Every structure is written in structure tokens, then in C-alpha cells.
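S.K.: Sequence:
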Amino acid sequence: MKARLALLESVERDTEWTEILRLALSHAVAELGGLGGAVHLRRFPSTLQLVATSGLSPADARAWETLGEGGEQAPAEAVRQGCRVWKPRRRFGHATAAAGRDGPPGSGLAVVPVLNKDRPVGALTVVTTGARPTPEHWDFLRAVCAWAQERITAAPRTGGRRDSGLGGASPDVPDASPWAEERASRTTALTAALAKAYTCQDVVDALAHNVLPAVAGGSHFLLVHVVEDGRVRALGSRGVPGDVLHQVDGRPLLERDPVREAVVSGEPVFVRSMREYRTRYPELIHFAEATGAEAVVHLPLTATGHTFGVCVLGYERWDAALTGEETTS
Numbered sequence: 002m003k004a005r006l007a008l009l010e011s012v013e014r015d016t017e018w019t020e021i022l023r024l025a026l027s028h029a030v031a032e033l034g035g036l037g038g039a040v041h042l043r044r045f046p047s048t049l050q051l052v053a054t055s056g057l058s059p060a061d062a063r064a065w066e067t068l069g070e071g072g073e074q075a076p077a078e079a080v081r082q083g084c085r086v087w088k089p090r091r092r093f094g095h096a097t098a099a100a101g102r103d104g105p106p107g108s109g110l111a112v113v114p115v116l117n118k119d120r121p122v123g124a125l126t127v128v129t130t131g132a133r134p135t136p137e138h139w140d141f142l143r144a145v146c147a148w149a150q151e152r153i154t155a156a157p158r159t160g161g162r163r164d165s166g167l168g169g170a171s172p173d174v175p176d177a178s179p180w181a182e183e184r185a186s187r188t189t190a191l192t193a194a195l196a197k198a199y200t201c202q203d204v205v206d207a208l209a210h211n212v213l214p215a216v217a218g219g220s221h222f223l224l225v226h227v228v229e230d231g232r233v234r235a236l237g238s239r240g241v242p243g244d245v246l247h248q249v250d251g252r253p254l255l256e257r258d259p260v261r262e263a264v265v266s267g268e269p270v271f272v273r274s275m276r277e278y279r280t281r282y283p284e285l286i287h288f289a290e291a292t293g294a295e296a297v298v299h300l301p302l303t304a305t306g307h308t309f310g311v312c313v314l315g316y317e318r319w320d321a322a323l324t325g326e327e328t329t330s
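330 is the number that the numbering used here gives the last residue of the sequence shown; the numbers go up by one with no jumps.
Bear in mind the hints are in silico, worked out from the structure with no lab data behind them.
This structure is a prediction, so every number in the text was calculated from the model and none was measured.
Yeah, the Cβ is synthetic: ideal placement off N, Cα and C, and Gly gets one too.
Among the hints, erroneous ones may be present.
Beta-carbon label-pair distances, calculated as ranges [to be verified]: (1) E10 to W139: 11 to 21 Å; (2) S11 to R143: 36 to 46 Å; (3) T130 to G267: 15 to 25 Å; (4) A60 to W139: 39 to 49 Å; (5) R279 to E151: 31 to 41 Å; (6) P89 to A291: 36 to 46 Å; (7) G34 to A7: 15 to 25 Å; (8) G267 to H247: 45 to 55 Å; (9) D119 to F288: 24 to 34 Å; (10) L254 to P89: 52 to 62 Å; (11) G69 to T130: 51 to 61 Å; (12) V12 to G56: 49 to 59 Å.
Let the hints inform the model, and build the full structure from the sequences given.
M.R.: Below you can see the structure in the form of C-alpha cells.
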């Protein structure tokens, strides 16, 4: 295992990200003595796209080319849970996946999430031939994925220009990492949807369709506010109880108010727990607690340089909330 990791460390740092993933997968399959394997990455909207394979038949690859994050397949489960997944006597591919049958005796799927700054953005799957992977095997798979993440940070563009990092490119260098492609895709889709919006409900529907699926499975609710005549008006929501929506619609804009902060600063306002919420906004804590969320993010909505409202996202736990790079979308 150490020899393989040392060999990977010797790979040139200007290697393209597609080749990085291919190398990581081939060594993972070899170390576990597997039959083959695959790498999936998240793509908009809420799907996993097959980006690298090893030892798989064309039919198997086509069957799992695109997976829904909410699906029962092992890669989707690993991304949702953010942890390793072992599926004994299950095979990767078309016939068995479609029929729900077991694979050959002793076979199985060993899957680890591919991470971007500790957030699952994909999955690496090895089709095994033997028993459950050992702890050393799992450690190796995690190490290979960590190596891939670190190298993708420095992956070059196809045209030769380099990324400055995952989700953080320098002003004159476009971010071409696979994570950036996902963000660009969903941002484009959201922009197009908002351009077609004619009513308040159209705006809410566009945000719910394009934002909620993209910001992880821990999202608890979405609420869109605008500020009119010193009051907070609710344009619409998804997942907010009706009685809570009635209470917050038309409430006065307070001096200590996350909506005010987001509108005035034009920057996201993060509240990581109800305890923090109570300290920062004591007059509004009863509204926040009534939603059932534990963490809340307020994202300013801006058009033609003017912040006209706030998109509020509630989460059941803080570690499911937006990462720094996602707020740029």
C-alpha cells in the first residue's frame, strides 16, 4: 500500500484531473484485487456522473453512467451518507442492478466518498472478488481519494491554464475543476430559470428546483423574503410550516435582524445553531425554533446591483449547510 501511495506521489502535478481520477481508480482496484471500478462525480441537478472506469464492460458502464443521488446504488448512498459503503454480493452493472439480484458469491462493492474540503462530491467504487475489505483496505481507499483531491486542486485546464484551487480560482484564471463545472452548470440553470420568472411563485420555484437539490441532502426548508416599507414579506417557501409562514410574513424589520444584515451587507449571514441564533437575534428566536431547523443561512438576492431580498435556507445540522464556495453560486 505504501509503495502504491509513493508511486502516486511521484505523478507530475500538472497532470489533468481526468487522468488523476483514472490513476487513483486503477491503483484502488489493484490494491483490493478487484474486478474493476468506477468514479462518479456530482453533476447538476442532484445527479452523479460516471467520469472514470476500470475493467467494466460497456453495458455496465452505460447502466450506471448517470445516477440520482437519492438512488439505492452504492455510490449514491456513499455520497448521501458521506462515509464508506460495503455491499456484499452485489455487482456493478446493468443486469444485476436492473433486476435487483445478487452478484456472484464473494463479490461486492466497496465505495468511499470523494471529498471536496470534507464535503462529499462523488464516489470511488471497487468491484471486489473476495470478503469484506480490511481496515487497511479502507484506509488505502481514503488515502487515494485524499491524494486525488489534493492533485485536482492543481489540475490544469484543457487549454493549458491552471486552476488556483477547488472552488477558488484567481481572477484571471477560470476555475476548471470538476467541482467548478458542477457549480457553473447549476448557476447557469438557475439564471435561465430566473430570467423566465414572471411571478413571485416562479422565483420561489426556480430557487427551490435549482438550489435545494444542489446544496446537499441536509436542507430542511427554503424561504424567500423581500423587504417592503420596513417589513419582511414572504414571497414563498418550501418546507416551512403554514403557521410559521403566516407569523413571519409582514413582521417588522428589526435592528438586530439577519434579513437586514444580508440586505445591507450584500453578504451571506450564517447562523450555526439555535444557541447562536438566540444570542444574536433574541427577538426572532421563536420564529427560528418553530421551523425545526438547527442552522440557518441567509443568502442575499441581488439584481442589477440592488439587493432586493433574501433566500433563507434551514438545515437540520450545521455540517450539512453550504460550504464557502457554494455561496458564490
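S.K.: Using the beta carbons of P89 and A291, state whether their distance is inside 36 to 46 Å or not.
M.R.: This hint holds: roughly 44 Å between Cβ atoms.
S.K.: Between R279 and E151, does the C-beta distance stay in 31 to 41 Å?
M.R.: The hinted range 31 to 41 Å holds for R279 and E151, with Cβ atoms some 39 Å apart.
S.K.: Could you say whether the range 52 to 62 Å given as a hint is met by the Cβ separation of L254 and P89?
M.R.: holds (57 Å)
S.K.: Could you tell me whether the CB distance from G267 to H247 stays inside 45 to 55 Å?
M.R.: For G267 and H247 the Cβ distance comes to about 29 Å; the hint is violated.
S.K.: CB of S11 to CB of R143, is that within 36 to 46 Å?
M.R.: violated (20 Å)
S.K.: Has the hinted range 15 to 25 Å been met by the Cβ atoms of G34 and A7?
M.R.: holds (20 Å)
S.K.: Regarding V12 and G56, is the given constraint of 49 to 59 Å on their beta-carbon distance met?
M.R.: Violated, since V12 and G56 (Cβ atoms, about 21 Å apart) do not stay within the stated range.
S.K.: Just to be sure I understand the hint, the distance between the Cβ atoms of A60 and W139 should be within 39 to 49 Å; is that true here?
M.R.: Distance hint for A60, W139 is violated at roughly 29 Å.
S.K.: Between E10 and W139, does the C-beta distance stay in 11 to 21 Å?
M.R.: holds (20 Å)
S.K.: If you check the beta carbons of T130 and G267, does the distance land in 15 to 25 Å?
M.R.: Since T130 and G267 have Cβ atoms about 55 Å apart, the given range 15 to 25 Å is violated.
S.K.: At the C-beta level, are G69 and T130 separated by a distance inside 51 to 61 Å?
M.R.: Taking Cβ atoms as reference, G69 and T130 lie about 28 Å apart, which means the hint is violated.
S.K.: Holds or violated: the 24 to 34 Å window for the beta-carbon distance between D119 and F288?
M.R.: This hint holds: roughly 31 Å between Cβ atoms.
In summary, the numbered hints that this structure violates are 2, 3, 4, 8, 11, 12.
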